[in-house]
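J.: Chains Z and C, in that order, give the protein sequences. 1 is the number of the first residue of the first sequence in the working numbering; add one for each residue after it. 1 is the number of the first residue of the second sequence in the working numbering; add one for each residue after it.
Note that these hints are calculated values from the structure, not bench results. Every value quoted in this text rests on a predicted model; they were computed, and no experiment measured them. All clues given are correct.
Derived DSBU-like pairs (lysine-lysine); straight-line CA-CA distance at most 35 Å: (1) C/Lys163 - Z/Lys98; (2) C/Lys224 - C/Lys17; (3) Z/Lys107 - C/Lys100; (4) Z/Lys98 - C/Lys204; (5) Z/Lys70 - Z/Lys126; (6) C/Lys100 - Z/Lys70; (7) C/Lys163 - Z/Lys107; (8) C/Lys204 - C/Lys224; (9) Z/Lys70 - Z/Lys107; (10) C/Lys163 - Z/Lys111; (11) C/Lys100 - Z/Lys98.
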Amino acid sequence: MSAIEITSVSKVFNRGSANQVDALVGVDLSVASGEFVSLIGPSGCGKSTLLRLIANLLEPSEGSIVVNGKSPEQARLDQDYGMAFQQSGLFEWRTVAKNIELPLELKGWGKSERRQRALEMLDMVKLADFADHHPWQLSGGMQQRVAIARALAVQPSLLLMDEPFGALDEMTREHMQSELLNICRAQGTTVVFVTHSIPEAVYLSNRVVVMSPRPGRITRIVDVAIEGERSDATRDNTAFFAGITAVREALRGVEMNDHIRGIEDR
Amino acid sequence: MFVVSLLIVAVVWEFYKWVGPADGGKVFGWSLLPRSNDNAMPHVWDMLSRYGRPEVRGSDREIWRVVLAGAWFSFRLALVGFVLGSTLGIALAVLMARFKVAERGILPYLVVSQTVPLIALAPLVVSWGGKLEIFGYEWPRWLSASVLGAFLAFFPVSVGTLKGFTSPPGASLELMQSYAASWWQTLRRLRFPAAVPFMVPALKLAASSSVIGVVVAEISTGLKGGIGRLIIEYGRQATSDPAKVFTAVFGAALLGLTMAGFVALADLWMMRNRPKETAA
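Take these sequences, add in the hints, and give me the full structure.
T.: In structure tokens, the structure reads:
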């Protein structure tokens with residue numbers, strides 16, 4: 001069964017006014033259960049908008065979206081997905097454990113169950129010793145790990161991430177990527193991952209969706225053909241470099257097409 | 001530090017009394033310099049020793065007891081006013097945050113309300129005393145003073161809290177939305193805690209405002225028992241007993257400081273889990 005089914009979706013902001021923006025036009029995308037899909041493209045290509053449409057934080061102007069066989073709204077109400085942003089968005093007045101408990105609290109879990117799950121999640125992201133610290137006492141990478149633990153606390157089948165490692169340094173970033181893959185593999189989680197980084201997209205994904213701006217649309221979907229489980233060794237793999245080249249060319253094609261069209265328009 | 005600054009103020013006071021002109025002075029034709037005679041500026045030690053003497057000749061109650069009792073009376077009124085005003089202020093902020101229409105409809109009235117002079121309002125509110133009945137209870141006169149304290153206190157709280165309610169970043173609101181959290185759940189778990197740093201200075205302002213409101217209400221209506229009444233009574237006797245009025249004025253200052261002190265303690269408690277501004 002496919003986890004996400006997007007059919008000819010468009011999103012227009014400020015329709016009819018002078019500053020109308022065609023954020024997305026005619027997007028078709030199907031994400032299989034357990035698959036890791038990255039959305040990549042220059043700023044303004046609508047990748048974050050697409051993620052928010054799946055999350056039901058925005059409504060599509062046209063087309064249909066099905067998440068886990070339901071409407072996105074139902075999926076949101078059922079907390080079928082967890083979400084993580086570039087800013088960890090932890091609540092500074094809550095301890096690390098209490099931050100992870102937040103979605104469980106809203107689901108109406110009991111106190112001891114919540115605490116137990118939070119500790120399990122902290123164990124998973126290797127922060128068990130920091131349960132009763134406050135977020136500001138943690139480094140940026142640790143905060144992002146807490147945010148991921150929070151997103152996974154309800155054990156969602158789907159994880160939606162909007163440049164979650166964008167603010168981290170390169171070393172921490174690679175480390176976090178490996179950890180994310182381990183966690184998702186263990187839980188069988190489907191992931192839709194928005195990023196600016198080509199190596200990040202290739203390393204993490206089964207498929208990389210390349211998007212282009214004005215209007216936002218999908219220009220190509222690159223299959224990443226890396227055999228077996230990915231580890232740090234993957235980063236030296238020829239298949240990894242082949243993937244990077246393919247995505248880069250797809251992104252260049254985006255620029256070139258724009259260029260050619262610019263000429264034709266004249 | 002506070003004690004040191006008090007000492008400095010006392011020294012400056014005495015120094016001016018020593019060098020200043022006894023009957024006031026003119027600078028370029030303007031009467032600018034205050035008179036420094038014993039009637040206008042009693043010696044610091046006269047003020048202090050006045051605390052130890054009886055309120056009126058022949059009474060066995062030293063004046064510090066009277067002033068303290070008055071301050072305690074006013075403190076209770078101010079406390080009621082502070083609690084009433086803060087509650088009202090937070091309630092209004094919730095209403096305004098919940099309904100944009102309410103914000104547009106209410107906020108201008110809040111601003112206007114603070115431009116009405118308290119002195120004009122005081123007799124009106126005090127006249128409710130003994131006339132109004134709420135749920136079978138007669139409206140007590142002291143409550144009018146508290147209401148005037150609340151009238152000054154609610155404004156900073158409502159504006160500060162409203163500002164705090166709108167402070168969380170979009171990502172946090174999206175997060176709550178992704179959890180399918182209701183508006184009230186978002187208020188309780190996100191907007192309210194995020195508003196606390198905005199509420200703390202507002203509450204400090206409200207604490208001192210409620211004291212001012214109560215003292216002014218007492219002065220302008222002559223409500224008995226409080227520090228405001230003592231200030232006018234003693235003020236009338238200033239020519240014969242100049243140090244007396246200062247004992248009551250210091251009592252009012254002590255009252256304001258105590259109130260501010262309580263809010264400062266509450267501040268420490270509320271902000272105990274927040275990042276410290278001084279942290280490196």
